[in-house]
Amino acid sequence: MENKVLKYNKKKFFIGLGGYFAGNILFELLGGEDVAYRLVAGVVVAGILWILSDLYDFKMNPSLKKKIRIEDKDERNQVIREKAGYFTLKVMIMTLFVIIFIGAVMEDVLISYGAAVLTILILIINWISIRYWNKRM
Amino acid sequence: MNNRLGEIRKERGIKQDELAEILEVSRQTISSLENGKYNPSILLAFKIAGYFNMSIEEIFLYEGEENGK
Numbered sequence: 768m769e770n771k772v773l774k775y776n777k778k779k780f781f782i783g784l785g786g787y788f789a790g791n792i793l794f795e796l797l798g799g800e801d802v803a804y805r806l807v808a809g810v811v812v813a814g815i816l817w818i819l820s821d822l823y824d825f826k827m828n829p830s831l832k833k834k835i836r837i838e839d840k841d842e843r844n845q846v847i848r849e850k851a852g853y854f855t856l857k858v859m860i861m862t863l864f865v866i867i868f869i870g871a872v873m874e875d876v877l878i879s880y881g882a883a884v885l886t887i888l889i890l891i892i893n894w895i896s897i898r899y900w901n902k903r904m
Numbered sequence: 052m053n054n055r056l057g058e059i060r061k062e063r064g065i066k067q068d069e070l071a072e073i074l075e076v077s078r079q080t081i082s083s084l085e086n087g088k089y090n091p092s093i094l095l096a097f098k099i100a101g102y103f104n105m106s107i108e109e110i111f112l113y114e115g116e117e118n119g120k
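Top to bottom, those sequences are chains A and B.
Under our numbering, the first residue of the first sequence carries the number 768, and numbering increases by one thereafter.
Under our numbering, the first residue of the second sequence carries the number 52, and numbering increases by one thereafter.
It should be emphasised that the hints constitute simulated quantities derived from the structure, not laboratory data.
All of these numbers come straight from a predicted model, not from anything done at the bench.
Incorrect hints may have been included.
[Said to hold, decoys possible] Each computed EDC-like pair below joins lysine to aspartate or glutamate, with the alpha-carbon atoms no more than 20 Å apart:
| id | chain 1 | residue 1 | chain 2 | residue 2 |
| --- | --- | --- | --- | --- |
| 1 | A | Lys840 | B | Glu75 |
| 2 | B | Lys88 | B | Asp68 |
| 3 | A | Lys832 | A | Asp821 |
| 4 | A | Lys834 | B | Glu75 |
[As the list claims (entries may be wrong)] Among the chain B residues that face chain A by a calculated CB cut under 8 Å, a handful are:
| id | residue |
| --- | --- |
| 5 | Ile65 |
| 6 | Ser77 |
| 7 | Gln79 |
| 8 | Thr80 |
| 9 | Ser83 |
| 10 | Tyr89 |
| 11 | Ser92 |
| 12 | Leu95 |
| 13 | Glu108 |
[Stated by the list, open to error] Listing some non-contacts, in silico: residues in chain A with all C-beta distances to chain B over 12 Å:
| id | residue |
| --- | --- |
| 14 | Gly783 |
| 15 | Ile792 |
| 16 | Phe825 |
| 17 | Lys826 |
| 18 | Arg836 |
| 19 | Ile837 |
| 20 | Lys840 |
| 21 | Glu842 |
| 22 | Val846 |
| 23 | Ile847 |
| 24 | Ala851 |
| 25 | Thr855 |
| 26 | Phe868 |
| 27 | Ile878 |
| 28 | Ala883 |
Built from N, CA and C at the ideal position, the CB exists for glycine as well.
Based on the provided sequences and hints, a complete structural model is requested.
Given below as structure tokens:
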């Protein structure tokens with residue numbers, strides 16, 4: 768069961784990556800110059816290819832959708848995601864503190880303030896999320 | 052927490068992926084349960100016990116305090 772879902776996820780990753788670069792190349796070929804629009808073109812092409820790939824996959828293999836749903840709702844996978852998310856949060860906060868410190872040493876206010884704002888934002892989202900789930904459980 | 056899931060499953064002649072599909076969990080979950088690497092939620096424990104028509108205590112053997120896995 769997992770092999771098919773794993774294959775599907777890998778395929779989606781490479782389609783997304785390929786689509787992103789294809790979008791960028793297409794934008795360049797069409798004479799676009801703006802970097803921001805080029806990035807948007809990459810994301811749009813990747814998104815379109817993802818949708819088309821999903822439509823094809825689900826048509827060729829109707830049980831795939833159910834398998835993906837099971838994988839997503841699987842309680843062990845949920846526990847793994849929770850643990851990984853908590854670990855990621857801790858690493859992210861520590862990294863941001865290091866960036867704030869480096870910014871201060873380099874006397875770069877933009878880096879320090881940027882990292883500080885991001886840290887505060889992450890902590891606020893985390894606090895709101897904890898309060899929300901506290902009330903729901 | 053130890054369990055007899057693997058033993059019971061084999062007695063009934065069911066494959067891991069078949070049981071996973073019936074219980075609507077991943078095959079890795081069944082494998083981890085059988086190896087004692089993962090303890091199921093009470094809901095999954097009830098589902099497993101219900102499927103084998105046994106009580107939870109007949110499948111899962113609680114042996115006192117342990118670190119959560």
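Verdict on A/Val846 as a residue remote from chain B, using beta-carbon distances over 12 Å: At about 8 Å from chain B, A/Val846 fails to clear the 12 Å cut-off, so the statement is violated.
Straight-line alpha-carbon gap B/Lys88 to B/Asp68, limit 20 Å: holds (18 Å)
Check on A/Phe868 being off the interface with chain B, judged by Cβ distance over 12 Å: holds (34 Å)
Minimum Cβ-Cβ distance from A/Arg836 to chain B exceeds 12 Å: violated (9 Å)
Distal placement of A/Gly783 relative to chain B, Cβ over 12 Å: holds (23 Å)
Residue hint B/Glu108, partner chain A, criterion CB-CB below 8 Å: violated (20 Å)
Chain B versus A/Glu842 - minimum CB to CB distance exceeding 12 Å, so not interface: violated (5 Å)
Interface-negative label, A/Ile837 against chain B, beta-carbon threshold 12 Å: Contrary to the label, A/Ile837 does not stay out of reach of chain B, its closest Cβ about 5 Å off (not over 12 Å).
Evaluation of the interface hint that places B/Gln79 against chain A, nearest CB under 8 Å: holds (6 Å)
Chain A contact restraint for B/Ser92 - C-beta distance below 8 Å: holds (5 Å)
A/Lys834 paired with B/Glu75 [C-alpha distance capped at 20 Å]: holds (9 Å)
Status of the B/Thr80 interface restraint (C-beta, 8 Å, chain A): holds (4 Å)
Against the hints set out earlier in the document, violations occur for numbers 5, 13, 18, 19, 20, 21, 22, 23.
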